[in-house]
Amino acid sequence: KAGVTQTPRYLIKTRGQQVTLSCSPISGHRSVSWYQQTPGQGLQFLFEYFSETQRNKGNFPGRFSGRQFSNSRSEMNVSTLELGDSALYLCASSSLAGGPQETQYFGPGTRLLVL
Amino acid sequence: GNSVTQMEGPVTLSEEAFLTINCTYTATGYPSLFWYVQYPGEGLQLLLKATKADDKGSNKGFEATYRKETTSFHLEKGSVQVSDSAVYFCALSDRDYKLSFGAGTTVTVRA
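The listed protein sequences correspond, in order, to chains A and B. Note that the working numbering has the first sequence beginning at 1, numbered continuously upward. Note that the working numbering has the second sequence beginning at 116, numbered continuously upward.
Same shape as in the complex, but just chain B (with noise of 0.2 Å):
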């Protein structure tokens, strides 16, 4: 079936530091590859996705490509934000409409 490994935290980074997220996936299809974003108390917000190989996704600073050969999907961002302190989440989407999510990763940015 279908997995998701991503890199266990917690992380704890400074302002300004670089942030890396692994994500590495398991699937039996051509999946899509998302990474979801979680604020205390909140639902999941979509951060960035990919649908296909190569295909690189960002957004607010975020980005993330599609590696087919080494089937996976890291997060990174140059300089974080306090404001980026978040549960962050891989996830995958094949043909059987849901989504598989890994553990999910708690970043804490210090100021």
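Chain A on its own, in the form it takes in the complex (with noise of 0.2 Å):
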């Protein structure tokens, strides 16, 4: 099975633009989270879907958005951008109903940096 693929890899925007990440699951899987991974902060939790829902939402502003299509793919949209929006920004796929016995599984990140 192929794993979780994020496009694209790497970005540069300034700031005031806004970006918009792809994530395609692991076939099959149809939970799929977000995560932020910066110096400062570590890694935190952005928001997860399920077959098109918002279960869970973190700690983030209104300007980190996202969605889920019928075929589990999601996006992730960061609008207005900030220079602390720099940051690898992690996706990940379980399987099932993505319960906490679940494991996640992650793709490579896109890397996107605010000038």
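I should point out that these hints are in silico values taken from the structure, not numbers from a laboratory. In this text the structure is predicted, and so the values were computed from the model without any measurement. Wrong hints could be hidden among the right ones.
As the list claims (entries may be wrong) - So the derived list for chain B, only partly shown, Cβ under 7 Å to chain A, looks like this:
#, residue
1, Phe133
2, Leu161
3, Ala218
What the hints assert, rightly or not - Using 30 Å as the maximum straight-line C-alpha spacing, the simulated DSS-like pairs for lysine-lysine come out as follows:
#, chain 1, residue 1, chain 2, residue 2
4, B, Lys167, B, Lys183
5, A, Lys57, B, Lys167
6, A, Lys1, B, Lys175
7, B, Lys171, A, Lys1
8, B, Lys167, A, Lys1
9, B, Lys183, B, Lys171
10, B, Lys175, A, Lys57
11, A, Lys57, A, Lys1
12, A, Lys57, A, Lys13
By construction, the Cβ of each residue, glycine as well, lies at the ideal position given by its N, Cα and C atoms.
Put the two chains together into one complex; each comes in its own frame, and the hints tell you how they fit.
Quick look at the structure:
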């Protein structure tokens, strides 16, 4: 099975712009989660989707949004970019209902640099 | 809320040395516990997991035991190799559909 794929892998934007990141989960996986990784804050949970419904959201401003499509692919959007949004954005998928016992499998990440 | 505290690094070891990384957690329910590893420029890879108290997870020579009485999930490996150099993250998952991570421990193994 192919792993979790994320596109693009690298992105450079300027302050005030918006960006859309894409994630394709492992085939058959229906739960998709997003995380932000920075040197200062570590790994922080953004949101989780299952069957196109957001089930949980982390403590991020409303500029961060996401969605999931019927084929389980997911996108996240960041509007009005700030310098502090520079980070590695990781997507993870899990099978079945995405419960606590299930493993989340991570993609390689999208590295976003905001200038 | 849920939280994970893991031993701060960096940790530098010689090849064939014993590695231990401490991890303790706080959770309201009955979480599952994980160790993930991140190599430079890559995403996270699952190293091992345990889903209930007294379970032992193991993989590639690494082991960790879910200790409910001490709320711990310490990672150990008896003989490290240069290829084990990476950042290691302890994490827990509860009923809220998310992983809560520790700060990560950077391990460098020298030949």
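Consistency of the hints with the structure:
1. Look at Phe133 (chain B): its Cβ only gets to about 26 Å from chain A, farther than 7 Å, so that hint breaks.
2. With a least beta-carbon distance of about 5 Å to chain A, the hint placing Leu161 (chain B) at the interface is held under the 7 Å criterion.
3. For Ala218 (chain B), the interface hint holds, the least distance from its beta-carbon to any beta-carbon of chain A being 5 Å, beneath 7 Å.
4. With a C-alpha separation of about 8 Å, the suggested pairing of Lys167 (chain B) with Lys183 (chain B) holds against the 30 Å cut-off.
5. Of the supplied pair hints, the one linking Lys57 (chain A) and Lys167 (chain B) holds, its CA atoms being roughly 26 Å apart against a limit of 30 Å.
6. In summary, the hint linking Lys1 (chain A) to Lys175 (chain B) is supported, as the alpha carbons are separated by about 21 Å, within the 30 Å threshold.
7. For a cut-off of 30 Å, the pair hint linking Lys171 (chain B) to Lys1 (chain A) stands: about 27 Å separates their Cα positions.
8. Proximity of Lys167 (chain B) to Lys1 (chain A) is assessed by CA-CA distance (about 28 Å); at most 30 Å being required, the pair is judged to hold.
9. Restraint check for Lys183 (chain B) and Lys171 (chain B): the C-alpha separation of about 12 Å stays at or below 30 Å, so the hint holds.
10. With a C-alpha separation of about 34 Å, the suggested pair Lys175 (chain B) and Lys57 (chain A) falls outside the 30 Å cut-off, and the hint is violated.
11. Annotation: proposed proximity of Lys57 (chain A) to Lys1 (chain A) holds, straight-line Cα distance about 29 Å (limit 30 Å).
12. Annotation: proposed proximity of Lys57 (chain A) to Lys13 (chain A) holds, straight-line Cα distance about 25 Å (limit 30 Å).
The structure shown violates the earlier hints numbered 1, 10.
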